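Colleague: Protein sequences, first through last, are from chains A and B. The first sequence begins at 1 in this note's numbering and counts up one residue at a time. The second sequence begins at 1 in this note's numbering and counts up one residue at a time.
Simulated from the structure, these hints should not be mistaken for laboratory data. None of these values were measured; they are calculated from a predicted model. C-beta atoms are modelled at their ideal positions from N, C-alpha and C, and glycine is treated no differently. Among these hints, one or two may not hold up.
[As the list claims (entries may be wrong)] One-sided excerpt, in silico: chain B residues whose CB lies under 10 Å from chain A:
id, residue
1, 146
2, 149
3, 151
4, 155
5, 156
6, 183
7, 273
8, 368
9, 399
10, 442
11, 449
12, 516
[What the hints assert, rightly or not] Think about it this way: if two alpha-carbon atoms lie no more than 16 Å apart in a straight line, the pair counts; the simulated EDC-like pairs of lysine to aspartate or glutamate are:
id, chain 1, residue 1, chain 2, residue 2
13, B, 206, B, 141
14, A, 104, A, 140
15, B, 94, B, 119
16, A, 114, A, 87
17, B, 206, A, 87
18, B, 144, A, 87
Spelled out from the first residue to the last, the chains are:
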Amino acid sequence: MIRILRQILRTGIVTGRSPQVDDPNIKVKGIGLEDSVKRYFRRSLTVREVDAGSCNGCELEIHAINNPVYDCERLGIHFTASPRFADILLVTGPVSANMEIALKRTYDSVPSPKIVIACGDCACNGGIFGETYASLGGIDKVIPVNVYIPGCPPTPADILNGFYKIFL
Amino acid sequence: MKRLAKALSAAFGADAKADGHREPVTFTVPVERFADAAKTLKESYAFLCAQWATDDTNSDRGYGIYACFRHGSEYIIVRASMSRDNPEFPSLVKHFVPAYRFERQIRSLMGVTPVGHPDERPWIKFEDWPEDSWPLRKSFDASKRMARHEGQYAWLGAEGEGVYEIPVGPVHAGIIEPGHFRFQAVGETIINLEERLGYVHKGIEKRFESMTWETAVKLAGRVSGDTTVAHSIAYCMALESMTHCHVPVRAQWQRALFLERERIANHIGDIGAICNDAAFAFMLYQCSRLKEAMLATNHRLFGHRFMMDKVIPGGVTVDIDVTAKKEILSELDFLDEDFNRLVRIYEESSSLEDRVRGTGILTSELARELCVVGVVARASGINVDCRVHNPFPPYDSIGIEAQVLIAGDVHARVWVRVVEIRASMSILRSILTKMPGGPIAVECSAPLPDTTGFAAVEGWRGEIIYWLQSGQIGQINRCMVRDPSSVNWLALEQAIKGNIVPDFPICNKSFNQSYSGHDL
């Protein structure tokens, strides 16, 4: 136990210390995002993530916005297990034919008004997987999309900035 | 001649024609003796690595069925031709368990029948696809969407007093790829787990066939986003083996550097996530902090957090200068120190130990039967590591050994990772101090028509295999991708038996197989 406490003290607070978060541009937006979440979502923006056929690259970066460096919870953003609690659907992947129905059902379970963010190049337009028998070529081919976050995969800072875009 | 090749030649005589020009040696056998060949190799203690089919109807050769075997450092491919009108081959399931999924996939995607296969249900292909859609056939139009049909998947069932079923997925509770798991349980105890994968099938193997050799490396880097470096290297090495391209030594060393950085980052992330599934959140945050530090350094030095598209046919795209070298070395010191402190905490936490020891045991016998690879294999007593058995420079000269444990439980899979992280750190140090100079890339020409290429690379999950075939005008005719997940997913089903339902997440995390790499 003593070792755990010592390690916690030694580590200190690492949030926001990454050079990528220190980018003034992003920091300004980070503050804006926090205020917006407070104002429009009563301090809590609940996100359900759906992988609709991604390569797992975007998932790693979505994990990263939950890590202590980016720590999206400090901005009021947190991830939920059930789409029924979600304000936002964060969708990755080009929508594989085999995930189409599951994605639609998840979308239907989100209470209105629904906000959908397409995260990553594949989610925006199919990316390298294109439009084939197995890949439908983007989230907006299946459900309406509000915000697009390009990148392969988008960096955690890109994803946080993407959240900000819903308030613009 | 090596062991497997010798055994096959001795048993088959003139029936097995070896093509010595191809690497690894490829034997052609009559299709009716395809399973006999597997049996002969099994008796020589071979493992089945991969099995796939090709559509050669454009060159009037019907269909081809291939199986790749390994014993120690020897790889061998056995192929047979099937007629265009009646493409079928004797199933290998009786001799090799992993053929169970390979052959279901071959039947579903290529429309070739494994005779004697015990399970006729499709795999990857869903019940709502049209019956006669076989995407890997050349006659299939991949650009069109398929019409949906009514259909039902025949799940395995279990009956009896107190038996109940828990369906999970495809959309899971966390930030994770989609797949469906169906548990049959009595009380808390799982009596059977059936996996249903294929949700992230994006038609990658078919997509390869519409790309050029240079652009396809980008697709290879996106087969499984967390293993982008290893997949790119495997694709490039397979291509380079076809074109006899000599990659500069410095480029090879740099590839190894990327590969080891990828291994460390993913292993550290896994250890944190496994502990988190035992409610030890402290470890998750500490480990994700270390992982984040590595990814940020990758971004700064190489321009991409996961080093995507940094490996190309003929070499690599970024060089390491003196400042980068210094930065990596000093980062290693910091990582080393912090990581060892965390490992000590892991070792001393008795409540954690209670969850990870004796949980999700994959016995050595089962692991061998299932031909598993990578971390999973090494935690269950199987000594297999491509960096040792099938090395490319600098692994051949740097002095490295496979880290093998025998317990086969969650703890063993964690500990293999711990030891490998330490080993990778020292590999990185040696690479950085001894890296030779020279160019970082050479021109890699397109391969000649009708040739094949093969490569096996140890990614952080395990052995990745690529097999490439060029067509009659030198295009990509077939690209077979075998991610470690293609074999290891079967082992999870076996390891979970008899465990309690709440232990599934921690077992699953300790395997941490790729859905995308499996579904392709």
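Colleague: Each hint: holds or not?
Modeller: How the hints compare with the structure:
1. 146: It holds, given that the least Cβ distance between residue 146(B) and chain A is near 5 Å, below 10 Å.
2. 149: 12 Å, violated
3. 151: 12 Å, violated
4. 155: Violated, about 17 Å.
5. 156: 20 Å, violated
6. 183: 18 Å, violated
7. 273: Residue 273(B) check passes; min Cβ-Cβ to chain A is 9 Å, inside 10 Å.
8. 368: 29 Å, violated
9. 399: 31 Å, violated
10. 442: 25 Å, violated
11. 449: It is violated, given that the least Cβ distance between residue 449(B) and chain A is near 25 Å, above 10 Å.
12. 516: 5 Å, holds
13. 206(B) with 141(B): 10 Å, holds
14. 104(A) with 140(A): 11 Å, holds
15. 94(B) with 119(B): 12 Å, holds
16. 114(A) with 87(A): It holds: about 6 Å lies between the C-alpha atoms, which stays within 16 Å.
17. 206(B) with 87(A): 37 Å, violated
18. 144(B) with 87(A): Violated, because 34 Å separates the two Cα atoms, which is more than 16 Å.
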